[in-house]
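Student: Given chain H's structure and the hints, the job is docking chains F, E and X onto it.
Chains as they are written, first to last, in our numbering: chain H, 59 to 354; chain F, 59 to 354; chain E, 59 to 354; chain X, 59 to 354.
Watch out, some of these pointers could steer you wrong.
Same chains, same names: a pair is fine if it fits in one copy or spans any two.
[As the list claims (entries may be wrong)] List time: in silico BS3-like cross-link candidates among lysine-lysine, alpha-carbon distance up to 30 Å: (1) K254 <-> K353; (2) K128 <-> K254; (3) K332 <-> K254; (4) K300 <-> K128; (5) K264 <-> K205; (6) K116 <-> K87; (7) K353 <-> K300; (8) K254 <-> K205; (9) K128 <-> K105.
Simulated from the structure, these hints should not be mistaken for laboratory data.
Protein chains: 4
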Amino acid sequence: MSETIGMIGLGNMGTPIAENIQRAGYSLKVYNRTASKAAALVASGAKSVSAAAEVASKGGIVITMVSDDKALEALCSGPDSFVSRLGAGGIHISMSTIAPATARRLAAQHEMLNVAYVAAPVFGRPEAAAARQLAVCVSGPAAARTKVSPILAAVGRSIFEFGEDPGAANVVKLCGNFLLASAVEALAEAFTLAEKNGIERTRVFKMLTQTLFPCPVYQGYGQRIAEHSYEPAGFRLALGFKDINLVLQTAAEVQMPMPTASLLHDRWLSAMAKKRENLDWAAVALGVSEDAGIKV
Amino acid sequence: MSETIGMIGLGNMGTPIAENIQRAGYSLKVYNRTASKAAALVASGAKSVSAAAEVASKGGIVITMVSDDKALEALCSGPDSFVSRLGAGGIHISMSTIAPATARRLAAQHEMLNVAYVAAPVFGRPEAAAARQLAVCVSGPAAARTKVSPILAAVGRSIFEFGEDPGAANVVKLCGNFLLASAVEALAEAFTLAEKNGIERTRVFKMLTQTLFPCPVYQGYGQRIAEHSYEPAGFRLALGFKDINLVLQTAAEVQMPMPTASLLHDRWLSAMAKKRENLDWAAVALGVSEDAGIKV
Amino acid sequence: MSETIGMIGLGNMGTPIAENIQRAGYSLKVYNRTASKAAALVASGAKSVSAAAEVASKGGIVITMVSDDKALEALCSGPDSFVSRLGAGGIHISMSTIAPATARRLAAQHEMLNVAYVAAPVFGRPEAAAARQLAVCVSGPAAARTKVSPILAAVGRSIFEFGEDPGAANVVKLCGNFLLASAVEALAEAFTLAEKNGIERTRVFKMLTQTLFPCPVYQGYGQRIAEHSYEPAGFRLALGFKDINLVLQTAAEVQMPMPTASLLHDRWLSAMAKKRENLDWAAVALGVSEDAGIKV
Amino acid sequence: MSETIGMIGLGNMGTPIAENIQRAGYSLKVYNRTASKAAALVASGAKSVSAAAEVASKGGIVITMVSDDKALEALCSGPDSFVSRLGAGGIHISMSTIAPATARRLAAQHEMLNVAYVAAPVFGRPEAAAARQLAVCVSGPAAARTKVSPILAAVGRSIFEFGEDPGAANVVKLCGNFLLASAVEALAEAFTLAEKNGIERTRVFKMLTQTLFPCPVYQGYGQRIAEHSYEPAGFRLALGFKDINLVLQTAAEVQMPMPTASLLHDRWLSAMAKKRENLDWAAVALGVSEDAGIKV
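Next up, chain H with everything else stripped away, as it sits in the complex (with noise of 0.2 Å):
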């Protein structure tokens, strides 16, 4: 018989992840706010509970795949939590992008009870994950990522291994996200230089994006941001502020400033004032060419 696994979080990233365990194998128990998003799943036999802690039995694995911070705490806290119900000998594979700081404070307490708090936030869009092609960066208790290993196999191609700190592979997935913004940024800029020269913004976006960056993400954004393209939005400006907040709130913490991020933050803040968060992110593209003077 296989082995049952629990799985919180059935948005647009938990659903495939969620998919590909499946066909690894697993049976699953699952559990989302809105229980419809889980009738695929149960159509292939998962079995849908009606309360997330449901979704853990005694020593076993659960997995999250939450919006933020505060919804992943509320998840793990009272003596009722699916961590309570795991008990020793479980573990909680914690999917979300999340502060380092949170996923160390929620191991501590995982600790306490004998749980296991593996951080395992992956990179990669929706079709990524459904293709099984999204990268995983994991850390955490050695003895436990060894046991969930099969696992991530079955998710993503390439599983990235960051050690014991529960906070580390938060803080690479960080990393990522803010080396995105940086270049969203800089093509913007990129792109407005040309404009202003009388230049096309799409021939500059091809001839870089052939040449010097010729990466999925320079050619997804660049794209968006030649031809100022934001809807329907693949990464919510909203959510991206968020994440240049956990990076400049990480920074602060080991006293490290970040220039750059400093500069994303007041880039997106703009766009957030002028009622943008449910574009895609690279819609902060916009203010660029406001400020100079460019009406688009």
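Tutor: Positioned in the frame of chain H, the structure of chains F, E and X alone reads:
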């Protein structure tokens, strides 16, 4: 009998470019301030001359690849310059990285002598030049661009056209160098954030350049920055500072703030003040570490 | 018989404030974690109590002057707090520099107990407090503000009213501290520009503060910065960093980028990383010099 | 018989300066491109000449007060310039706000003709000039400074000496203008923070300029910014942008990053892009509001 091309400037970029032109079947007349650098080309059939202007023949083509705006302006000025000697119908292919404003000013001066100024700055290191893997950005008079296209094809892997404005190709070149410098700063901030959280810089480097940023420039600069390895210089920090200044100057002329470029300017300037001008420009990463209280 | 006022927090600001209230004819009940600090006040007739809540009497007035948001929130919470003990009709005059958001949250909690929360942060050093020269910013319920105005008049030279919003007075206090920090950074940059040009810092300091900027804050900070004299601290760098963080947090809540505050954040954070937290906050000027390659 | 002084440049600063010199008992020979501006001075006894060089007499003194580096350099160059005409023993008192580098270059050229270049930029508005309330910064050859000190005493309230370096006085002038621009930006950010929190800008302005910042520049610019009142311009935004560029250029020459100046550069440049060049330079505050999503 093959057409003869004049070539001024046989530095570490000019020499492999000249060699490829020679290999493509053209005859060369070459000039370099240090004449000895012409030896290999002469051995392959080029003619070396003792004054820059002598590379030009009436109505012919001259390529220049020199260090900066000032050097190029000096070459082009005066009644005995190679431009005067080219005369009506002549073409000057200008490959140096210079200010768009300089290109425009030179082009106007050339026009008075009925010489076409074709801007053709290139992307790529000396090894790429040797391997005929450069990317060439071209702008200037259409007829002249058409005429020189076989020569440019002999030099690079791909040619990108940016219209009639003689400054346009240089704007695009500056856009590219600006994006590179931005990536250098962002990588330095990201790796230092990881380091201050107890994570090895090289582990983050490997993860990010295998996943989100699998392109040569992130891989190359990422490794240097992860390892703080800045000698020998691939691109001298002082030259990079020159380019960032050209970016800011070009942006100011079209009334466009570039906050990322301003930040880079300050970072590079501090590195100059700390006597790092001869290190690779990725050495600005040392400043990121120092600001975070880390002694490298 | 004179009215009795409760006072919690007898630090270097709280003590002279309490003394002036006493001199104005009020009786005092005082509390401080380190009880010995109450000695002088007790000698002049104050009553010292051993638990913070005991300073409060039903429907009375309590003043707090503590170090930060956390300290104040701890004092105000719980069924046995001084706020509960004040009860209906009571007034809390809150003089600490805290986040406007904290003030608003506390005010809402006070309101449920029918206690009025009056925000009354002050501008001025301990000597100004002793000399009754503080400037007081006040906001909160109008009736309560009217009732406490004689007490505030006993404390400061001038009182500035900012309406009903309990957060407003704290916003203004943060505006003031932000302007101070900006002036510190700007003075440091100006003096270093002079120094790098071979001009004595103190000569520029004297000229500018006798002409354009003849006000005490430029004169005081200007002298410290010109002379790089940061001990003993008038205002600790770490406390200044706290305030800059409150500024940025408050600005983010209302969706407003403050690029100067971001720059100050990075400058202060680097000074923290370099272990300067106990110097005067003007010591951020050391970073300005270091970035310019100057060893102080 | 009184000594005759030459004066070139009768703009809104040059005219009141010339009048005060005349009042102090000197005879004047004046030149202005628009000759009509000399009328009042001529009515009081000055002699107006039709070519700039004619204001100079062999071994005499000439004062210049012109708009920028270029204008001054044009005046000083050529065999028929006023400098040549001054000849050995002559003194040029240069009052314009120019780059220190320009002052140094001009001084070297003057020296070859045995003319002393005395840099004497001034602080103060036209009204201050009329009221003899200017502050004058002086640098250059000691003997020449001594000789011209009675003239400078006729112009200003206070004279500040900065030694032999002809660039020094201009460096100090730039330091002052930089501090002014920094204060403008900081006031704009502070008032907008208040406004976004529901507080009237003018109330914060009044409080801060009666307490922490009781000096004319904060009061003057504070009021403009609080009221968004930028016409008529006291100091044109475009001229302020010129000065910020001189600050950055001077800082770059001595290898010093000035992050606040970079931020101001970007702010001013955006205001230029938005066609605000003829408003008072405090109008950069409009950009602060716009970035916060406020339509003014």
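Student: Indicate, hint by hint, whether the structure satisfies it.
Tutor: Hint check:
| no. | hint | in the structure |
| --- | --- | --- |
| 1 | K254 <-> K353 | both (12 Å within a copy, 25 Å between copies) |
| 2 | K128 <-> K254 | between (43 Å within a copy, 25 Å between copies) |
| 3 | K332 <-> K254 | both (23 Å within a copy, 13 Å between copies) |
| 4 | K300 <-> K128 | both (12 Å within a copy, 24 Å between copies) |
| 5 | K264 <-> K205 | between (45 Å within a copy, 24 Å between copies) |
| 6 | K116 <-> K87 | within (13 Å within a copy, 56 Å between copies) |
| 7 | K353 <-> K300 | both (27 Å within a copy, 26 Å between copies) |
| 8 | K254 <-> K205 | between (56 Å within a copy, 29 Å between copies) |
| 9 | K128 <-> K105 | within (26 Å within a copy, 45 Å between copies) |
Of the numbered hints listed earlier, not one is contradicted by the structure.
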